[in-house]
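According to my numbering, the stretch in the sequence shown is residues 181 to 584, in order.
If you are wondering where the hints come from, they were derived from the structure by calculation, not from laboratory data.
Owing to the predicted nature of the structure, the values given are computational and were not obtained by experimental measurement.
Mixed in with the good hints, there may be bad ones.
Distance condition first, Cα-Cα at most 20 Å in a straight line; then the derived SDA-like pairs of lysine to any residue [stated by the list, open to error]:
1. 526 to 478
2. 388 to 377
3. 388 to 404
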Amino acid sequence: MLKEKAGYILSTLMSQGGEYGEIFYEKSRTTRMHLEDRKIDKVTHGYDEGVGLRLIKNGKTYYGYTTNPTFENLKELAKILARGEGHGPVAIGKRYIQGYTEVLIDPDKESLKFRAEILRRADEKARSFGDKIKQVLAVLMDKTREIMVINTLGETAEDTQKRVVFFVEVVASDGETLQRGYESLGGRRGFEIFNETPPEVIAEKAAKRALLMLSAKPAPAGTFTVVMSSQAGGTMIHEAVGHGLEADLVQQGLSVYAGKLGEKVASELVTVIDDATLPYHNGSFTVDDEGVPAQRKVLIKDGVLVGYMYDRLRAMKDGVESTGNGRRQSYAHIPIVRMTNTFIDKGQDNPEDIIKDTKKGVLVVKMGGGEVNTVTGDFVFEVMEGYMIENGEITYPIRGATLI
181 MLKEKAGYIL STLMSQGGEY GEIFYEKSRT TRMHLEDRKI DKVTHGYDEG
231 VGLRLIKNGK TYYGYTTNPT FENLKELAKI LARGEGHGPV AIGKRYIQGY
281 TEVLIDPDKE SLKFRAEILR RADEKARSFG DKIKQVLAVL MDKTREIMVI
331 NTLGETAEDT QKRVVFFVEV VASDGETLQR GYESLGGRRG FEIFNETPPE
381 VIAEKAAKRA LLMLSAKPAP AGTFTVVMSS QAGGTMIHEA VGHGLEADLV
431 QQGLSVYAGK LGEKVASELV TVIDDATLPY HNGSFTVDDE GVPAQRKVLI
481 KDGVLVGYMY DRLRAMKDGV ESTGNGRRQS YAHIPIVRMT NTFIDKGQDN
531 PEDIIKDTKK GVLVVKMGGG EVNTVTGDFV FEVMEGYMIE NGEITYPIRG
581 ATLI
């Protein structure tokens, strides 16, 4: 029904004028399973379906949604948003895009027993590291999301997105202190992800991290050279840099990078990229939640700020094209600018040489939580796994470290 009636709905939506009108359809299914205290203690299923209508008029957004997307309901919603009756058709069909996440083992076709076995395998592996392992939490979530976007630019886009998230958290104790270890796995994949990286591998990393932290020394205070693994560096770039390059914050003056296009904002060794086209990654897709094709964007090139991330609305305000960064929480929410897969491009240096050249510093292998002030660029990050570097060698593990 939606495709056939889209022209009338959009005409009604635009009846009192506007720069842009859009229909967004979403249907999602989610299964989540928890294992704790050696037993499956929670299984939840979720199903949701709805349609949102958006009108951009004079630079302002008018939005409404319904969970009962009949033609009559959508027509009435369009009238409310437009504050008037429709006149004249809106042409659709100039561009059509269809995407689908290719998977080998479709979670929609697998049983709860299959999922439970993955969690039990992780639990058994984590506990195999001895009596110091006191608690194991394993969580598996899979989601299938179908979206369709039809707009007044004559564009129709559809995408079916499948995602798997799995993590293990382990608590270890030596009788005096408690320490936690965490490891996760996920992406735009099916359950074949566990053929490539078995759940035991994730559980082992989490358990070893918890045990390692029992023997770790308290982190010293002071100013040190910080060397980051690729994983830890990705977390930092996402939080400390990426959010400040989202155009909504830039246009509100809430970013340290506002007004700095063309200026040097980092070392010439640093190139920052946001790439939604990387296969299987969590932030990847065929089209964003506004129907814009996935793109690879260079944001900082050799230390120079060369671009921001845009959705359609912020792109209109700056007179540029959307970069495919329009993301929605669901059909009940308007799109906002958000990152996809944001990272520092690889450099030329050998990691071992970087360690050897560090007289006194900290090696950060895995980040924990943190926060950033996008206005000033100030940040605070917890180090989940870190080591001291002394005279070019990795010496001992540390705990309680915070980067500021």
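Here is how each hint holds up against the structure:
1. The hinted pair formed by residue 526 and residue 478 meets the criterion: a straight-line CA distance of about 13 Å does not exceed 20 Å.
2. Proposed proximity of residue 388 and residue 377 is supported: the alpha carbons are some 17 Å apart, at most 20 Å.
3. Distance hint between residue 388 and residue 404 is unfulfilled; the C-alpha atoms sit about 26 Å from each other, more than 20 Å.
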